[in-house]
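**Student:** Sequence:
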Amino acid sequence: MTRATGVGSMPGTTDADHAEATRVVLGELPELPHVPEVPGRGVTAAMTGRGLAVVEGLGADLQPAGWRLTDASGIDHRRARSLLAQDLDTVEELAQDHQGAFKTQVCGPWTLAATVERPRGDKVLADHGARRELAQALAEGTRTHLADLGRRLPGVDRWIVQVDEPALASVVAGQVPTASGFGRHRSVDLPEASAHLEWLVAAIADAGGEAWVHSCAPRTPWSLVAGTGAHGLSADLDMLGPADLDTFAEALESGRTAALGVVPSTEPATEPSEARTTERVQRWLDMLGLDPDGVGEHLVVTPTCGLAGASASWAGRAVRLSATVARNL
Numbered sequence: 011m012t013r014a015t016g017v018g019s020m021p022g023t024t025d026a027d028h029a030e031a032t033r034v035v036l037g038e039l040p041e042l043p044h045v046p047e048v049p050g051r052g053v054t055a056a057m058t059g060r061g062l063a064v065v066e067g068l069g070a071d072l073q074p075a076g077w078r079l080t081d082a083s084g085i086d087h088r089r090a091r092s093l094l095a096q097d098l099d100t101v102e103e104l105a106q107d108h109q110g111a112f113k114t115q116v117c118g119p120w121t122l123a124a125t126v127e128r129p130r131g132d133k134v135l136a137d138h139g140a141r142r143e144l145a146q147a148l149a150e151g152t153r154t155h156l157a158d159l160g161r162r163l164p165g166v167d168r169w170i171v172q173v174d175e176p177a178l179a180s181v182v183a184g185q186v187p188t189a190s191g192f193g194r195h196r197s198v199d200l201p202e203a204s205a206h207l208e209w210l211v212a213a214i215a216d217a218g219g220e221a222w223v224h225s226c227a228p229r230t231p232w233s234l235v236a237g238t239g240a241h242g243l244s245a246d247l248d249m250l251g252p253a254d255l256d257t258f259a260e261a262l263e264s265g266r267t268a269a270l271g272v273v274p275s276t277e278p279a280t281e282p283s284e285a286r287t288t289e290r291v292q293r294w295l296d297m298l299g300l301d302p303d304g305v306g307e308h309l310v311v312t313p314t315c316g317l318a319g320a321s322a323s324w325a326g327r328a329v330r331l332s333a334t335v336a337r338n339l
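If you read the sequence shown in the numbering used here, its first letter stands for residue 11, the second for the next number, and so on.
Simulated from the structure, these hints should not be mistaken for laboratory data.
Owing to the predicted nature of the structure, the values given are computational and were not obtained by experimental measurement.
Where is the CB? At the ideal position from N, CA and C, for every residue including glycine.
So the derived label-pair ranges between C-beta atoms look like this: (1) A322 <-> E103: 14 to 24 Å; (2) R130 <-> G299: 47 to 57 Å; (3) R168 <-> V53: 27 to 37 Å; (4) G299 <-> R337: 20 to 30 Å; (5) G299 <-> D137: 42 to 52 Å; (6) D248 <-> E307: 22 to 32 Å.
Please model the entire structure based on the sequences and the hints provided.
**Tutor:** Dropping the structure here:
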């Protein structure tokens with residue numbers, strides 16, 4: 011059966027909004043709920059801060075220019091970790107009786123390297139050793155994170171970890187700005203780009219989880235991502251080029267997952283209909299020469315990206331529409 015899930019983020023600015031987002035996710039996406047993120051609460055709840063909250067063995071602090079690695083955790087890093095634990099307390103309370111699959115999200119190693127500064131300044135991306143250390147610390151921290159989730163929700167028999175890599179395309183294309191803003195960091199060699207993702211994918215598998223890689227950015231190197239051993243590929247359907255079709259077809263044919271973002275993440279001028287959205291997915295499958303019945307649960311329907319920028323009403327509608335399209339398929 012085709013399922014639906016969310017990408018991760020939901021609208022809101024308070025802890026009460028996070029609790030409400032958790033209720034919406036559990037109520038509307040019972041087949042594959044996810045741990046909601048509410049980045050509107052500030053930098054400690056946003057993707058980079060949340061990623062650093064998972065990282066193990068490295069300190070960080072919030073500077074005027076953004077997050078920076080430090081010898082010891084600063085107050086904002088400690089707040090990010092405390093907020094993550096608080097959010098997981100909420101999920102544990104509201105999802106205690108959940109049985110089946112559940113999804114969580116972590117910021118990927120290359121997006122962290124492109125958004126976090128090293129101690130001496132400029133991005134971690136500029137330092138081969140620093141980006142290696144950060145990727146390995148993220149992999150180790152994700153193991154611990156999965157173990158914590160498993161203790162909190164013992165009824166979950168399948169943990170999916172979505173690795174968010176919106177910056178991966180810019181990293182491999184040499185498009186990440188330097189600290190001055192006048193230059194660009196050198197592109198990362200594809201073998202190294204793959205290796206850092208492979209460490210995280212392997213850590214997730216070793217901890218009993220299933221790794222999906224998500225990006226809603228254009229020109230994401232999906233063939234590279236597929237080669238890391240990731241079990242799922244998650245993308246905005248509008249961002250997939252002709253060259254990506256074979257990669258996604260091979261993933262589905264080999265029993266891996268393709269999560270397709272087909273529901274707008276912000277309210278459109280004209281509300282999409284269930285029938286047209288369903289037909290769009292069916293046409294895409296026809297292009298691949300695949301049948302919805304044949305791909306079954308390996309096909310997942312999602313919004314195009316996170317819903318943090320949506321209104322609360324549209325976020326609920328987008329989640330429900332995703333679930334309806336999955337049932338139609």
